[in-house]
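Enquirer: Letter by letter, the chains look like this.
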Amino acid sequence: MSVSEDSILKFTRGHRLQHDRVRDVWLIQAPEKAFIADPIAAAILQLVDGARPLSVLIDTLAETYQAPRETIAGDVQTLLTSLIEQKVLSA
Amino acid sequence: MSFAPPPMSLLAELTHRCPLACPYCSNPLALDRRAAEMETADWLRVLDEAASLGVLQVHFSGGEPMARHDLPELVRHASKLNLYTNLITSGVLINDVTLEALDTAGLDHIQLSFQDVDEAGAERIGGLRGAQEKKLNAARLIKARGIPLTLNFVVHRENVARVPEMLDLAHELGAGRVEIAHTQYYGWGLKNRDLLMPSAAQLEASTEAVVKARARFGNSLAIDYVTPDYHADQPKPCMGGWGQRFVNITPSGKVLPCHAAETIPNVVFPSVTTESLGAIWQDSPLFNLFRGTDWMPEPCRSCSLKEVDWGGCRCQALALTGDASATDPVCARSNQHALVMEAATAGHDGEFLYRRFRAI
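Chains as they are written, first to last, in the UniProt record's numbering: chain A, 1 to 91; chain B, 1 to 360.
Calculated from the structure, these hints are not laboratory results. A hint or two may mislead.
Pairs of lysine-lysine, DSS-like flavour, derived with a Cα cap of 27 Å [what the hints assert, rightly or not]:
(1) K191(B) - K87(A)
(2) K80(B) - K10(A)
(3) K33(A) - K80(B)
(4) K33(A) - K306(B)
(5) K87(A) - K80(B)
(6) K212(B) - K33(A)
(7) K143(B) - K33(A)
(8) K10(A) - K143(B)
(9) K33(A) - K191(B)
Please work from the sequences and hints to get the whole structure.
Expert: Structure below.
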């Protein structure tokens, strides 16, 4: 399964990305638990705003990190597919 | 004294008042009365201190937290501090008006308890006529507003046969999560232990029902399953370790490493009415009493699992052996494990002692 690049992704209600200033990590807050987002996941998820389509997210990341678009697109698809399955994000 | 990492989670027990009288209630036997409860301003300050200490999630609990009229104000304040707000409720005080106030205050999630799927069984436990219908209605109102919902079922020998129907109900009501939690034997639950204790066959059947439901519902329903540790031979990592992740504040402001810790003898219980939450977490004798592994006796001290289970549960060790620093007798390596094995087979039916304020 992959997510269409036209999709506009957002966090489902009850889930959000949050910077924890005490521990200096990014977290996904979820019902009765929190997961640490590694730096790559955090960079991707900070662009999930319920407004821009996935294609723009990938372009932005490719430019910011000066990496081939296909590589970025692969990483982004892997993360987002898993988070959609877990209902953390919706497309 | 070494630096303790900050707590992740705060259980804010706003009140011990509750319309239900469940015989396994996690509140202490000596309940705080209304006059002893902290004021709104105290809780607002506690939330400020919790957020700056590093708490991520606040679980508003009780008793029934909706018995406090300042609950929406506390939720709003916690939300502004970017704390994840969870309401742990019986649901019997939920209606359009009370739910709207919580929703607009920014409540993130609700954990709604059910005592059974069978109305007579539910009323036998909760002791409140008409509660089941109120809870079902509450679940529908919560879904209609789109607030994320977890159903919680505490299971025991009288209702454990209905775990399959409990899982079906959670799915039917559109809950994203359900907890099937075997009773924990502290406080009221310990008083009623033999009347709640499932047989090994009942435990096995409930585990099988959970496995089947996981396969059937997949990602549409997350199932948290808490097994009864009396039937186990390895202790649970209680609270993720004493004073490591979790902090509990009672209605009157006492700060505890777990909700049963008031049973621990010969130690002062610190209070947010006289000290800051950060100082209590870091420096109080209570929080340092069983923190880490230095306090451990043998066989824990030389056990390879000591940083996995953190020696199990201190309150359980105390309740069963009379010594809070003993190895949790759930552990097969404890020389008192027979206590647990005997209790696990001692279940029988009978009349409960219900949770009540004690007559003075």
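Enquirer: Next step is simple, just say for each hint if it's right about the structure.
Expert: Evaluated hints:
1. K191(B) - K87(A): 40 Å, violated
2. K80(B) - K10(A): 21 Å, holds
3. K33(A) - K80(B): Given pair K33(A), K80(B) holds - Cα atoms ~19 Å apart, limit 27 Å.
4. K33(A) - K306(B): 24 Å, holds
5. K87(A) - K80(B): Cα-Cα ~25 Å, so holds.
6. K212(B) - K33(A): Judged against 27 Å, a Cα distance of about 24 Å means the pair holds.
7. K143(B) - K33(A): It holds: about 20 Å lies between the C-alpha atoms, which stays within 27 Å.
8. K10(A) - K143(B): 19 Å, holds
9. K33(A) - K191(B): Outside the cut-off at roughly 31 Å; violated.
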